[in-house]
Amino acid sequence: MIELYHIWKQYQKPQWALSDITFRAERGDFCFITGPSGSGKTTLLKIIFREIFPTQGQIVINRRNILRVPDHKIYSLRRTMGIVFQDFRLLFHKRVFDNIAIVLQVLGIARKDIRRRVFNALRMVNLHHKMWEYPAHLSYGEQQRVAIARAVVNSPKIILADEPTGNLDPELAFEIMSLFKEINKKGATVIICTHDRELIRHFGHKIFFLYKGKLLRKETL
Amino acid sequence: MNNLWQYRVRNVFSVTIICLSFLIVGIFLSLSNNLQYTAQQISKNMVIVFFLKKDLSEKDRNTIGEKLKKSSEVIKTQFISSEQALGKFLEKFPELQGIVNNLKINPFPPSFETTLKEKILSSDETQSFIQSMQNMKGIDDVQFNKDWVERMQSLSRLAKAVGFFLGGILILASFFIISNVIKLSVFARKDEIGILRLVGATNTFIRIPFLLDGIIMGILGGMLSLFVLFLVIKLFPLYLGSSLGALNELINFRYLSLSQSISLIGAGAVIGFLGSFSSLAQFLKV
Chain A
1 MIELYHIWKQ
11 YQKPQWALSD
21 ITFRAERGDF
31 CFITGPSGSG
41 KTTLLKIIFR
51 EIFPTQGQIV
61 INRRNILRVP
71 DHKIYSLRRT
81 MGIVFQDFRL
91 LFHKRVFDNI
101 AIVLQVLGIA
111 RKDIRRRVFN
121 ALRMVNLHHK
131 MWEYPAHLSY
141 GEQQRVAIAR
151 AVVNSPKIIL
161 ADEPTGNLDP
171 ELAFEIMSLF
181 KEINKKGATV
191 IICTHDRELI
201 RHFGHKIFFL
211 YKGKLLRKET
221 L
Chain B
1 MNNLWQYRVR
11 NVFSVTIICL
21 SFLIVGIFLS
31 LSNNLQYTAQ
41 QISKNMVIVF
51 FLKKDLSEKD
61 RNTIGEKLKK
71 SSEVIKTQFI
81 SSEQALGKFL
91 EKFPELQGIV
101 NNLKINPFPP
111 SFETTLKEKI
121 LSSDETQSFI
131 QSMQNMKGID
141 DVQFNKDWVE
151 RMQSLSRLAK
161 AVGFFLGGIL
171 ILASFFIISN
181 VIKLSVFARK
191 DEIGILRLVG
201 ATNTFIRIPF
211 LLDGIIMGIL
221 GGMLSLFVLF
231 LVIKLFPLYL
241 GSSLGALNEL
251 INFRYLSLSQ
261 SISLIGAGAV
271 IGFLGSFSSL
281 AQFLKV
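Chains as they are written, first to last, in this note's numbering: chain A, 1 to 221; chain B, 1 to 286.
Watch out, some of these pointers could steer you wrong.
Rough simulated footprint, nothing fancy, chain B against chain A, three-plus residues with beta-carbon under 8 Å [claimed, not checked]: (1) 67-75; (2) 103-112.
SDA-like mimics (lysine to any residue), calculated; alpha carbons at most 20 Å apart, straight line [what the hints assert, rightly or not]: (3) K94/A <-> A188/B; (4) K73/A <-> A188/B; (5) K190/B <-> Q86/A; (6) K190/B <-> Y211/A; (7) K46/A <-> F283/B; (8) K190/B <-> R89/A.
Hint data in this document are derived by calculation from the structure and do not stem from the laboratory. Every residue, glycine too, gets a C-beta built ideally from N, C-alpha and C.
Model the full assembly from the supplied sequences, consistent with the hints where possible.
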């Protein structure tokens, strides 16, 4: 369960990137955060996986106030999450395989298992034939799929995705969303930031509308 | 190792600095070893010669001999008559036989050559022992090279201190250099570190490759300094030739002992470890 209480975030005075955001995502929820560019979607996601701290407010994930977790112990929270970044954050000097395997290496998983699981994750995003390529040799859409494979490879309990289908054609975007839905059915909580209304309409369960850093409304379909 | 190779130019520079720092320590340590060795050699062969008056009666001579033999500071003592002393002199300097033959008298007084226990050479007991012997009837003079031993020992201490002082400053400098070299490679990989943090890597997991790089650079620097020191020790006497005569032996370099060599390499590893460790802290806060 992810609970946000009165989250405020200010990068520069006097503007507030987020103003008094309070919401709750239950275990197994499939949520969308939507809104125009600059509405604070990415900031909100970054606060959830604690890349940045809010100026005010509290965040509780699985009954743990993550703002009180010391820096050197934050890894335990992040191991439960799979994150798809808007800018992918791939390592361009490493092959596709290594980019994904890194998540499993961190967990101390055996080498032969890593190979199998990386292959399966790549097959899910239909990129298993590019396992030994470098990300620079892939298209934007393919890089995005590598980022998605990295996020799901360790079957995390929480998936946070920032515009995960932004560079994909509608057909592939639909497939990727179905993949997230499948992982969600196994019990994972999924939070996706997007402004693709078609996808929201088709897959939406809980929808949060942000506008200029404020939570305008919540909808449950 | 991949990382070391990737930034090889920067790392070679770092290893060279470590090597030079430890080379300075090594050279002074080696010089100190040599002075220590020379002092030990002098101590081992340290003989106190008690010169006797020429007209000394046999009874008095025996009394002195007995006192020397009974003394707890003495290992052995030997009486050298005037004739034996002359014989020894001619044996050492045969070319001076003509001059000696021209002398009408034997100029060498009889003496007792006495070897003292090594460990008491520098103690006050030796001084008081010599003093008491000097006051005895029949003893004319005492020849004793204790000052040389003490000079060698203090020179050895000085060489060691200078080595540690200069080396210490350079080692401190090399610590900061390693720290900055590692910081550069950490900075070059800060995106990777950030991603590792975000996918749940522990600080230790991230640190280990960098720490290993630092340790390897430190060990390589230490080993390289030993190798260069070896070359210096081999080549320095060739460069000097025999121009310095007896002084050659004094400023000769003696190679470091096994424990000193291991300590030097170990110190390199420690410097490398600390340099890496200190440079990583600021990048592990994502």
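Status of the hints after comparison with the structure:
| no. | hint | result |
| --- | --- | --- |
| 1 | 67-75 | holds (count 4) |
| 2 | 103-112 | holds (count 3) |
| 3 | K94/A <-> A188/B | holds (14 Å) |
| 4 | K73/A <-> A188/B | violated (25 Å) |
| 5 | K190/B <-> Q86/A | holds (18 Å) |
| 6 | K190/B <-> Y211/A | violated (33 Å) |
| 7 | K46/A <-> F283/B | holds (18 Å) |
| 8 | K190/B <-> R89/A | holds (12 Å) |
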